[in-house]
Amino acid sequence: MREKLLTHTGRSAVLLLDNVDTDQIIPSREMKRVDRKGLGEGLFAGWRYADAGARVEDPEFVLNRQEQTGTTILIAGKNFGCGSSREHAAWALNEYGIRVIVAESFGEIFHGNCIRNGILPITLSAEDIATLASVTAPADLTVDLVAQTVTCADLPGWQRNFEISGFAKKLLMEGLDPIALTLTANDEIESFFKKDAVQRPWVYSAA
Amino acid sequence: MARTLFDKLWQTHRVCDSEGGADLLAIDRLLLHERTGGVALKSLAENGYTVRDPSRVIAIMDHIVSFKRGRGRDDARSPGGETFITETREMAKAAGIHLIDTDSRDQGIVHVTAPEKGFVLPGFSIVCPDSHTCSLGALGALAWGIGSSEAEHVMATGVLRATKPPQMRVHVDGTLPEGCSAKDIALYMISKYGADGGQRCAIEFSGPAVEALSVEGRLTLCNMAVEFAAFSAVIAPDDKVLDYVRPRVSDAVSLDQALAHWRTLKTDADAKFDHEITLDAAEISPQISWGTSPEESCAVNDLVPDHASAKALSYMGLQAAQAISGLPVDGAFIGSCTNGRLSDLQTAARILKGRRIASGVRAVCVPGSQAVRREAEALGIDKIFIAAGFEWGEPGCAMCFYAGGETFPPQSRVVSSTNRNFEGRQGPGVRTHITNPAVVAASAVAGRICAPSDLPARSKELVG
Ligand code: SF4
Numbered sequence: 001m002r003e004k005l006l007t008h009t010g011r012s013a014v015l016l017l018d019n020v021d022t023d024q025i026i027p028s029r030e031m032k033r034v035d036r037k038g039l040g041e042g043l044f045a046g047w048r049y050a051d052a053g054a055r056v057e058d059p060e061f062v063l064n065r066q067e068q069t070g071t072t073i074l075i076a077g078k079n080f081g082c083g084s085s086r087e088h089a090a091w092a093l094n095e096y097g098i099r100v101i102v103a104e105s106f107g108e109i110f111h112g113n114c115i116r117n118g119i120l121p122i123t124l125s126a127e128d129i130a131t132l133a134s135v136t137a138p139a140d141l142t143v144d145l146v147a148q149t150v151t152c153a154d155l156p157g158w159q160r161n162f163e164i165s166g167f168a169k170k171l172l173m174e175g176l177d178p179i180a181l182t183l184t185a186n187d188e189i190e191s192f193f194k195k196d197a198v199q200r201p202w203v204y205s206a207a
Numbered sequence: 208m209a210r211t212l213f214d215k216l217w218q219t220h221r222v223c224d225s226e227g228g229a230d231l232l233a234i235d236r237l238l239l240h241e242r243t244g245g246v247a248l249k250s251l252a253e254n255g256y257t258v259r260d261p262s263r264v265i266a267i268m269d270h271i272v273s274f275k276r277g278r279g280r281d282d283a284r285s286p287g288g289e290t291f292i293t294e295t296r297e298m299a300k301a302a303g304i305h306l307i308d309t310d311s312r313d314q315g316i317v318h319v320t321a322p323e324k325g326f327v328l329p330g331f332s333i334v335c336p337d338s339h340t341c342s343l344g345a346l347g348a349l350a351w352g353i354g355s356s357e358a359e360h361v362m363a364t365g366v367l368r369a370t371k372p373p374q375m376r377v378h379v380d381g382t383l384p385e386g387c388s389a390k391d392i393a394l395y396m397i398s399k400y401g402a403d404g405g406q407r408c409a410i411e412f413s414g415p416a417v418e419a420l421s422v423e424g425r426l427t428l429c430n431m432a433v434e435f436a437a438f439s440a441v442i443a444p445d446d447k448v449l450d451y452v453r454p455r456v457s458d459a460v461s462l463d464q465a466l467a468h469w470r471t472l473k474t475d476a477d478a479k480f481d482h483e484i485t486l487d488a489a490e491i492s493p494q495i496s497w498g499t500s501p502e503e504s505c506a507v508n509d510l511v512p513d514h515a516s517a518k519a520l521s522y523m524g525l526q527a528a529q530a531i532s533g534l535p536v537d538g539a540f541i542g543s544c545t546n547g548r549l550s551d552l553q554t555a556a557r558i559l560k561g562r563r564i565a566s567g568v569r570a571v572c573v574p575g576s577q578a579v580r581r582e583a584e585a586l587g588i589d590k591i592f593i594a595a596g597f598e599w600g601e602p603g604c605a606m607c608f609y610a611g612g613e614t615f616p617p618q619s620r621v622v623s624s625t626n627r628n629f630e631g632r633q634g635p636g637v638r639t640h641i642t643n644p645a646v647v648a649a650s651a652v653a654g655r656i657c658a659p660s661d662l663p664a665r666s667k668e669l670v671g
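Those protein sequence lines, which keep their order, are chains A and B. Our numbering numbers the first residue of the first sequence as 1 and each following residue consecutively. Our numbering numbers the first residue of the second sequence as 208 and each following residue consecutively.
Hints in this document: simulated from the structure, not taken from any laboratory. Treat the hints with care, since some could be wrong.
Calculated pairs, DSS-like style, for lysine-lysine (alpha carbon to alpha carbon, straight line, at most 27 Å) [said to hold, decoys possible]:
hint	chain 1	residue 1	chain 2	residue 2
1	B	Lys300	B	Lys275
2	A	Lys170	B	Lys324
3	B	Lys479	B	Lys275
4	B	Lys399	A	Lys195
5	A	Lys4	A	Lys170
6	B	Lys215	B	Lys275
7	B	Lys560	A	Lys195
8	B	Lys371	B	Lys518
9	A	Lys32	B	Lys249
10	B	Lys249	A	Lys4
11	A	Lys78	B	Lys518
12	B	Lys324	B	Lys249
13	A	Lys195	A	Lys4
14	A	Lys194	B	Lys399
15	B	Lys371	A	Lys169
16	A	Lys4	A	Lys37
17	B	Lys275	A	Lys194
18	A	Lys37	A	Lys194
19	A	Lys195	A	Lys37
20	A	Lys169	A	Lys78
21	A	Lys32	B	Lys275
22	B	Lys324	A	Lys194
23	B	Lys371	A	Lys78
24	B	Lys300	A	Lys32
25	B	Lys560	B	Lys324
26	B	Lys215	A	Lys194
27	B	Lys215	A	Lys195
28	A	Lys78	B	Lys473
29	B	Lys399	A	Lys37
30	A	Lys37	B	Lys249
31	B	Lys215	B	Lys300
Here are a few chain B residues that sit away from chain A, every Cβ distance over 12 Å (derived from the structure) [said to hold, decoys possible]:
hint	residue
32	Glu226
33	Ser250
34	Gly354
35	Glu359
36	Glu385
Covered stretches of chain A, as calculated for chain B (at least 3 residues, CB under 8 Å) [as the list claims (entries may be wrong)]:
hint	stretch
37	16 to 26
38	54 to 68
39	127 to 134
40	158 to 168
Bear in mind the structure is a predicted one, so any value in this text is a computation, not a measurement. Every residue, glycine too, gets a C-beta built ideally from N, C-alpha and C.
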């Protein structure tokens, strides 16, 4: 079971760049083991450290600023998480403590990886993101997954709804294991394969 | 109702509805590599699941393997990388899946080896925890990149849960000018519509300029679809594709049945797409990236745009409105799942024959697979590269991405036949310009970025 996510209130950090790719989120050289763990330290390593090898932090990078301590929400631009499919990006964000990412759009594979790892990706308009980013940082946001709303303590009266698929919502809210959930349809799967083997026999001869 | 090719592929694999408007889709083949597949195999075992049908799962070593000639079985190109190779090998053996090891004669980059070996056929659903899996749609397959957890899900269940994406048709009219390739169509499209331009759609490439592409060219075009934020890419299989796959079908018994099915794999005349884009191939010239996203590309003879982002310019060591052509280069790389196939090497070799790379340039060519390497060597292409001053490497992803270890030095300017020019992609501070293999070869010779047509002519006997 994963940690459930129903509502979340946390500090946000603004990383208002477009096309932040997964190579930036977790550089390849930070993926040192065949493991999902130990990646938080490598998060944004190319930007976060003045010297990544020696782990000397760059004080200019947003997450290193003192007022950003305990950040759990990222506010980003367009196409966040594009590029490589490496799920390590979601694992690194998760281990660092990020629970929600608000962006104008997301890389497709990364979006799914977030949901499977207990991170809620929220898509808002460019205008809404600019509004959030204009708050003299760091803003505290509250995300209500049940009601599908985002509010901001520093913007009284400001509230936005967001879209999320029913399935993603269920996975995040219940912290479910998708494999176990799929296997509840095992009978349908079995009968599909039986029928398909007759219709497309060439698919069933070993590679 | 009129259906698109993608509708048909989706329907064939649809097992049943799932919650929230998603479907369960049967997966015909799962490909794994040591970088993201090993962790999926490990997690599967740790969670107490087994592989439902090991005959559908193929693991190939490509990402971390050394590209040095005469490499050992466990040699990695990055410090500590051996564990990815050895652990993936052990877990693949334990799981009973098909393993293509570092020393196999079939070894290569997963997206290069898969079509060569018939692991992907028209109409297949095929996934891999690697974003460039969209390449394989070039054969008329439903192919897309997934995360490691999803790979684990496929192994345990045989299916994936997916929500059907919106669809886009990219129609490429006209004829590509001489010297232009599939890579140029892709970079032109991405620079014109943006790296987000594919809007998470399933894209179908169509039109005369696409039909004119070879199977290898189609693989290059579909490869770049993920850099356009596409969910997947597909091209309707025609006779070129059927001729390519026919000798690769392992089950000869049902070949006629398969061929009949494959001939139905095309979009119906009245089918509707959510988005349509039309490109004119005649307007395309050889493209090269100047910035740190594939959308930051232009024609080789263009200037860096006035409005270029300061961040990209500073990383690339460039100024707005500066000419790209003529920039001195320090490195050149030919290879990768984008342009590491035989025709790519042949194109570069035609330019390199009888020429030498400029002094001070480090140039590397790594064939995409052992099969490509063997064919190239049989044609003497390796000799042309080596005589020109290139290193000739052992197949794998090689310098397409940095995994730690030896690479081009920081701030060096590198022309590369790969697909990503992200910050740090080829090494810390390395300034990557992605382009087609001909421009890479020509620029390595000139020691500065240039189009092949800008090179001084060779004497007749050298051209051969
Ligand atoms: S060649 Fe490059 S893009 Fe292709 S699979 Fe390997 S690392 Fe990825």
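Consistency of the hints with the structure:
Of the pairs offered as hints, the one joining Lys300 (chain B) and Lys275 (chain B) holds, with about 26 Å between alpha carbons and a cut-off of 27 Å not exceeded. Among the hinted pairs, Lys170 (chain A) with Lys324 (chain B) is inconsistent with the structure: their alpha-carbon atoms are about 40 Å apart, more than 27 Å. As the CA atoms of Lys479 (chain B) and Lys275 (chain B) are separated by approximately 49 Å, the hinted pair breaks the 27 Å bound. At roughly 45 Å between alpha-carbon atoms, Lys399 (chain B) and Lys195 (chain A) are farther apart than 27 Å, so this suggested pair is violated.
At most 27 Å may separate the alpha-carbon atoms for a hinted pair to count; Lys4 (chain A) and Lys170 (chain A) meet this at roughly 10 Å. A threshold of 27 Å between alpha carbons decides the hint, and for Lys215 (chain B) with Lys275 (chain B) the separation of about 44 Å lies outside it, so the pair is violated. Between Lys560 (chain B) and Lys195 (chain A), the direct Cα distance comes to roughly 55 Å. Violation of the 27 Å bound is thereby established for this hinted pair. About 36 Å separates the Cα atoms of Lys371 (chain B) and Lys518 (chain B), which puts this hinted pair outside 27 Å; it is violated.
Note on Lys32 (chain A) and Lys249 (chain B): the hinted pairing holds, with a Cα-Cα distance of about 15 Å set against a maximum of 27 Å. Pair hint Lys249 (chain B) plus Lys4 (chain A) holds up; C-alpha atoms about 24 Å apart against a cutoff of 27 Å. As the CA atoms of Lys78 (chain A) and Lys518 (chain B) are separated by approximately 16 Å, the hinted pair is consistent with the 27 Å bound. Among the hinted pairs, Lys324 (chain B) with Lys249 (chain B) is consistent with the structure: their alpha-carbon atoms are about 26 Å apart, no more than 27 Å.
With a C-alpha separation of about 38 Å, the suggested pairing of Lys195 (chain A) with Lys4 (chain A) is violated against the 27 Å cut-off. A C-alpha spacing of about 46 Å is found between Lys194 (chain A) and Lys399 (chain B), which places the hinted pair above 27 Å, so the restraint is violated. A hinted pair counts as satisfied when its Cα atoms are at most 27 Å apart, and Lys371 (chain B) with Lys169 (chain A) qualifies at roughly 17 Å. A C-alpha spacing of about 19 Å is found between Lys4 (chain A) and Lys37 (chain A), which places the hinted pair at or below 27 Å, so the restraint holds.
For the suggested pair Lys275 (chain B) and Lys194 (chain A), the alpha carbons sit about 46 Å apart, so the restraint of at most 27 Å is broken. Proximity of Lys37 (chain A) to Lys194 (chain A) is assessed by CA-CA distance (about 39 Å); at most 27 Å being required, the pair is judged violated. Distance hint between Lys195 (chain A) and Lys37 (chain A) is unfulfilled; the C-alpha atoms sit about 41 Å from each other, more than 27 Å. Distance hint between Lys169 (chain A) and Lys78 (chain A) is fulfilled; the C-alpha atoms sit about 22 Å from each other, no more than 27 Å.
Straight-line distance between C-alpha atoms of Lys32 (chain A) and Lys275 (chain B) comes to about 21 Å, which keeps the hinted pair within the 27 Å bound. Distance restraint check for Lys324 (chain B) and Lys194 (chain A): the Cα-Cα separation of roughly 26 Å lies within the 27 Å cut-off, and the hinted pair is therefore satisfied. Proposed proximity of Lys371 (chain B) and Lys78 (chain A) is supported: the alpha carbons are some 22 Å apart, at most 27 Å. At most 27 Å may separate the alpha-carbon atoms for a hinted pair to count; Lys300 (chain B) and Lys32 (chain A) meet this at roughly 22 Å.
Our distance criterion of 27 Å between C-alpha atoms is broken by Lys560 (chain B) and Lys324 (chain B), whose separation comes to about 30 Å. Proximity of Lys215 (chain B) to Lys194 (chain A) is assessed by CA-CA distance (about 20 Å); at most 27 Å being required, the pair is judged to hold. Between Lys215 (chain B) and Lys195 (chain A) the CA atoms are separated by roughly 17 Å; this keeps the pair inside 27 Å, and the hint holds. Under the criterion of a C-alpha separation no larger than 27 Å, the hint pairing Lys78 (chain A) with Lys473 (chain B) is inconsistent with the structure, at around 33 Å.
Restraint check for Lys399 (chain B) and Lys37 (chain A): not satisfied, since their Cα atoms lie roughly 39 Å apart, outside the 27 Å limit. In summary, the hint linking Lys37 (chain A) to Lys249 (chain B) is supported, as the alpha carbons are separated by about 13 Å, within the 27 Å threshold. A hinted pair counts as satisfied when its Cα atoms are at most 27 Å apart, and Lys215 (chain B) with Lys300 (chain B) does not qualify at roughly 35 Å. Here Glu226 (chain B) does not stay apart from chain A, with its beta-carbon only about 5 Å from theirs, under the 12 Å limit.
Taking the minimum C-beta to C-beta distance to chain A, about 7 Å, the non-interface status of Ser250 (chain B) is violated against the 12 Å cut. Against the 12 Å criterion, Gly354 (chain B) falls within the reach of chain A, whose nearest CB is about 4 Å from its own CB. Not every CB of chain A is more than 12 Å from the CB of Glu359 (chain B) (nearest about 7 Å), against its label as outside the interface. Every CB of chain A is more than 12 Å from the CB of Glu385 (chain B) (nearest about 32 Å), matching its label as outside the interface.
Under the rule that three or more residues need a Cβ within less than 8 Å of chain B, the assignment of the stretch 16 to 26 of chain A holds, with 6 such residues. Only when three residues or more bring their CB closer than 8 Å to a CB of chain B does the claim for the stretch 54 to 68 of chain A stand; here the count is 0, and the claim is violated. Coverage of the stretch 127 to 134 of chain A by chain B is violated [criterion: at least 3 residues with CB-CB distance below 8 Å; count 0]. Figure legend: the stretch 158 to 168 of chain A, annotated as covered by chain B; annotation consistent (4 residues with Cβ-Cβ distances under 8 Å, at least 3 required).
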